[in-house]
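Got chain H; can you put chains W and A on it based on the hints?
Residue numbers (the working numbering), protein chains in the order written: chain H, 1 to 377; chain W, 1 to 165; chain A, 1 to 388.
Rather than coming from a laboratory, the hints here were simulated on the basis of the structure.
Here the structure is a predicted model, which is why all the values come from computation and not from measurement.
It cannot be assumed that every hint is accurate.
[Said to hold, decoys possible] Calculated Cβ distances over 12 Å to all of chain H for the following chain W residues:
1) E3
2) K25
3) V26
4) A105
5) H109
[To be verified] Calculated cross-link-like contacts (lysine to aspartate or glutamate; reagent style DMTMM-like; alpha-carbon spacing at most 25 Å):
6) H:K300 / H:D328
7) H:K259 / W:E4
8) W:K37 / H:D166
9) W:K34 / H:E331
From the three backbone atoms N, C-alpha and C, an ideal C-beta is built for every residue, glycine too.
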Amino acid sequence: MVEERMNTDKMWITMGPQHPFSHGLWTLRVHADGEIITDAEPEIGYLHRGWEKECENRTYAKIIPMADRLCYSASMTWSHVFCKVAEEALDIEVPERAQYLRVIADEICRIQSHLMWLAAVGTDLGNLTVFLWALREREFFLDLNIRLCGQRLTTNYPRIGGVRNDMPYYFERDCMRCVERFETVGLPEIMKLATDSSPFVGRMQGIKYLTAKDVANWGVTGPAMRGCGVDYDVRRDDPYDAYGEIDFEVPVLNKNNPKGGDAYDRFLVRLEEMYQSCEIIRQAFQKLQSIPKEAPSRVKVPRCIPAGTHMAKIEDPRGESIMYLVSDGTEKPWRLKVRSPIFVNVSSSKHMVDGVRIADVPAIMAMIDMCLGETDR
Amino acid sequence: MTEEMIQAPSYEDVNKLISEKFGEKVVFRTSTKKNVKAINEKRRIFLSTDRDTILELCTYIHDVLNFEQATSVCAVDYIDRVQIVYHLTNYFTGIVIEITVDLPADDLHIPSVALIWEGANWHERETYELFGVIFDGHPKLERLLTPQSYEFFPFRKSYKLRGSE
Amino acid sequence: MGLSILDWIVFKNPMANEYYPFGDMYNLPYEIGYKLSEIILGFVAWFLNLFVHDNLWSQWLVSDVVMNVLAIILLVVVIFGVGFIVNLTMIWEERKILGRLMDRRGTQIGPLGYFQCLGDGLKTFMKENIAPKAIDKKIYWWGLALVIGTSVLLACMVPLSGRWFIADYKVGLLILFGMFALAPFLILCAGWAQNNKFSLIGGMRAAELMISYEVPMLIILATSCLLAGAYGINDLVQFQNDHLWFVIPEIIGFFTFFVCAIAESERVPFDLSEAEAELVEGWQTEYAGMKWGLIMLADYFRGYVACAFIVLLFLGGWAMPFAGTDTWYAEIWFLFKVCAVFAAFVWARGAFPRVRTDQIINIGWRVLMPLSILNLVVVVAIKLMGWM
Chain H
1 MVEERMNTDK MWITMGPQHP FSHGLWTLRV HADGEIITDA EPEIGYLHRG
51 WEKECENRTY AKIIPMADRL CYSASMTWSH VFCKVAEEAL DIEVPERAQY
101 LRVIADEICR IQSHLMWLAA VGTDLGNLTV FLWALREREF FLDLNIRLCG
151 QRLTTNYPRI GGVRNDMPYY FERDCMRCVE RFETVGLPEI MKLATDSSPF
201 VGRMQGIKYL TAKDVANWGV TGPAMRGCGV DYDVRRDDPY DAYGEIDFEV
251 PVLNKNNPKG GDAYDRFLVR LEEMYQSCEI IRQAFQKLQS IPKEAPSRVK
301 VPRCIPAGTH MAKIEDPRGE SIMYLVSDGT EKPWRLKVRS PIFVNVSSSK
351 HMVDGVRIAD VPAIMAMIDM CLGETDR
Chain W
1 MTEEMIQAPS YEDVNKLISE KFGEKVVFRT STKKNVKAIN EKRRIFLSTD
51 RDTILELCTY IHDVLNFEQA TSVCAVDYID RVQIVYHLTN YFTGIVIEIT
101 VDLPADDLHI PSVALIWEGA NWHERETYEL FGVIFDGHPK LERLLTPQSY
151 EFFPFRKSYK LRGSE
Chain A
1 MGLSILDWIV FKNPMANEYY PFGDMYNLPY EIGYKLSEII LGFVAWFLNL
51 FVHDNLWSQW LVSDVVMNVL AIILLVVVIF GVGFIVNLTM IWEERKILGR
101 LMDRRGTQIG PLGYFQCLGD GLKTFMKENI APKAIDKKIY WWGLALVIGT
151 SVLLACMVPL SGRWFIADYK VGLLILFGMF ALAPFLILCA GWAQNNKFSL
201 IGGMRAAELM ISYEVPMLII LATSCLLAGA YGINDLVQFQ NDHLWFVIPE
251 IIGFFTFFVC AIAESERVPF DLSEAEAELV EGWQTEYAGM KWGLIMLADY
301 FRGYVACAFI VLLFLGGWAM PFAGTDTWYA EIWFLFKVCA VFAAFVWARG
351 AFPRVRTDQI INIGWRVLMP LSILNLVVVV AIKLMGWM
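Excised from the complex, chain H in its bound form (with noise of 0.2 Å):
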């Protein structure tokens, strides 16, 4: 104990929950011998609402828009988890124009939410150029949110049994402009500052490999898990809506590497997504021009779900968001229990930055897209 405090070379720095590399409010304690990091602590639970006990005390529609709130840029795909694990429940399927029109709200939700990250990364590492061009190409799709559910952020768009509306007029055309312009213009500008830019690189490179073995270990899934070698997406291995009728590649890097991926690898794995994610818009809607515009977009349903339990997994973002269930038959569910990605994959943030310097702490943090909503809940 004595020599514990004697040993004045190592420290303890807290890094939070005001940090501008958090990203939210959590708190990394590192342990410290000058700059290397020998020993970390995450700590979480200063957002936490008790949002599945809310939720046991509201009515299934009620908690469409609630699950909105879970992750502010991935709205989307949390909402649409929570009507996916209710329509299995109530064992019917989505009609189909609906499924395709979530898969493109999912896309959407994807490109804007990578390009949030993107910007973070930007500031994380001291380039706010990057910060403000992907902000700036964000801001072209949140507009197509706009026009497909009248918000920018919290969409409330899909329903339990389909979505809320159909697509408006000329959405398509909007959307397609959009994504090609992305595509050809957009994300290839923020690139020369990003991956042309060898500082920019360097910064990212060789910093934190991690085996494909250890990242499955530890939970860590989506695109940090795909970087590393695992080859698993929930869009194409346990598919879910249209997604199954979608030709589409998972970017995987570093498959075969026993050595693993850097955080480089994990950026780049996310920069690919955001090109797939287009792909998916372009086929979903070809596809949707063969089902008449006069199909249902939406089936009803009733209020009260029949008693059991439940379980439906989508990728959000982040990577794998998971809903269980269990209903009692009436209209309020008995338990729902969310699975974040993030959460799961901060507890191993004390494995991601063992051995790298301080200043690395953001480049590795940044891979993850911290989003503290849905993390604590």
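Chains W and A alone, transformed into the frame defined by chain H:
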């Protein structure tokens, strides 16, 4: 480890191997849902077991059947009992195993799987602080989301929300 | 002396003053100060003279001693005032250019957004002035005062032309550089005194920077002096005017020095000691309110000095091609060059992310150090061949 690891066991393999290995200690449940894609395409397996078997079962599922990820661990309070639910995923086939374990309400102890899957660590901590389920052998069973000073378990049904009947 | 005020304010030749401090060199800000002091003192003396004719006080007020003392005080005020305005202009310039780079408008208050800095200064001034309890009081305050003080002094010591200087040193460059290199040491002390881990690391990083960047910088400085054969700023500029701007023979040194100057003034690609993503505000973390505002101001003063160094060493100082060093717009031309170099600084800030500590030391020792020595070799060759 005596048995060889199977990297991507099929739905039938998993069912067969588990029932061969554990016999009556593990109960298979079947879903009656007709329209759910994942169940129709055989990517969901529902098991029930008891707390004496869970650690052995989980070790087997991890080591032999190669379910690399503990997707979630959660508890459900049924008032007379508490049910612990595990979701385990195989990354090669996309199969999800759901295991339920019933605990009597007056004795909430269950072996921890945090040493098998590091990812289950925080799920178990969370379940502990919200339901009071004690995971034996967990490396650090402390409160995570709620303040250390809490002496109650807010997600139990006995903890009433304002406005609920 | 008569009753008319024009008897008292005659606008004497300042260089005819018995105590003229600059010998036979003409000094423009001194003349401005001298004229101002003549107006002030002459008016007071004339006013007193109205009541008591031919009194000794009036005579004393317009004597050479008093005039000279007030003129020197006003000289300093004028030089600082110009430096301050240049500084505000550079802050405005940075924000406007950065705004354009980032696809936004930049500052908006006042004409072309020029008054935003004043507004920000006022806001910072209104903030609560907090000093933590567990600090080392002496070093906390002295470190701060010295960082700001040396930066401002440095900015005042930079001559704008052959007639705009605060003192004419024969070894001007060395003194300027010595003052410039003082800050990292003070930052280290200030970072330690705050009793905060972030500021401690920030201070340590400032020291790291100092080690890795000042050596190549000093080598290039000495190379330029070798080429010109003098340490005086005037001589350097005159030599460049007579022969060739040093940016051409010392092109390697120019780029090396440019990188070092960004690092030395702790601007974005190299602002490790205040890296906000990992160290909150680095060594400035515990300096609240106007203390922080003054530090930011001092930062820009140092940025100005770094740009001025580049202009003096490589871009011919205030020398105008085909017009020489004695033009009537020499100061404006010099400041224009400084602002142009500063625009390049801002460009670097807009384009690059912050580098890491190990990268910065790598660049410093493995790239910039050999380049500066290569530059020295080139210059020695030029000298030996007698080309310049």
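Results of checking the hints against the structure:
1. With a least beta-carbon separation of about 19 Å from chain H, W:E3 lies farther than 12 Å from that chain, consistent with its non-interface assignment.
2. Every Cβ of chain H is farther than 12 Å from the Cβ of W:K25; the closest lies at roughly 21 Å, confirming the non-interface assignment.
3. Residue-level check passed: W:V26 sits 17 Å from the nearest beta carbon of chain H, beyond 12 Å.
4. Residue-level check passed: W:A105 sits 15 Å from the nearest beta carbon of chain H, beyond 12 Å.
5. The beta carbon of W:H109 is kept farther than 12 Å from every beta carbon of chain H, the shortest such distance being approximately 21 Å.
6. Taken as a hint, the H:K300 and H:D328 pair is honoured in the structure, with Cα atoms around 20 Å apart against an allowance of 25 Å.
7. For the hint pairing H:K259 with W:E4, the CA-to-CA distance comes to about 24 Å; that is within 25 Å, so the pair holds.
8. Annotation: proposed proximity of W:K37 to H:D166 holds, straight-line Cα distance about 23 Å (limit 25 Å).
9. For the hint linking W:K34 to H:E331, the alpha-carbon distance of about 22 Å falls within 25 Å, and the restraint holds.
Comparing the model with each numbered hint stated earlier shows that all of them hold.
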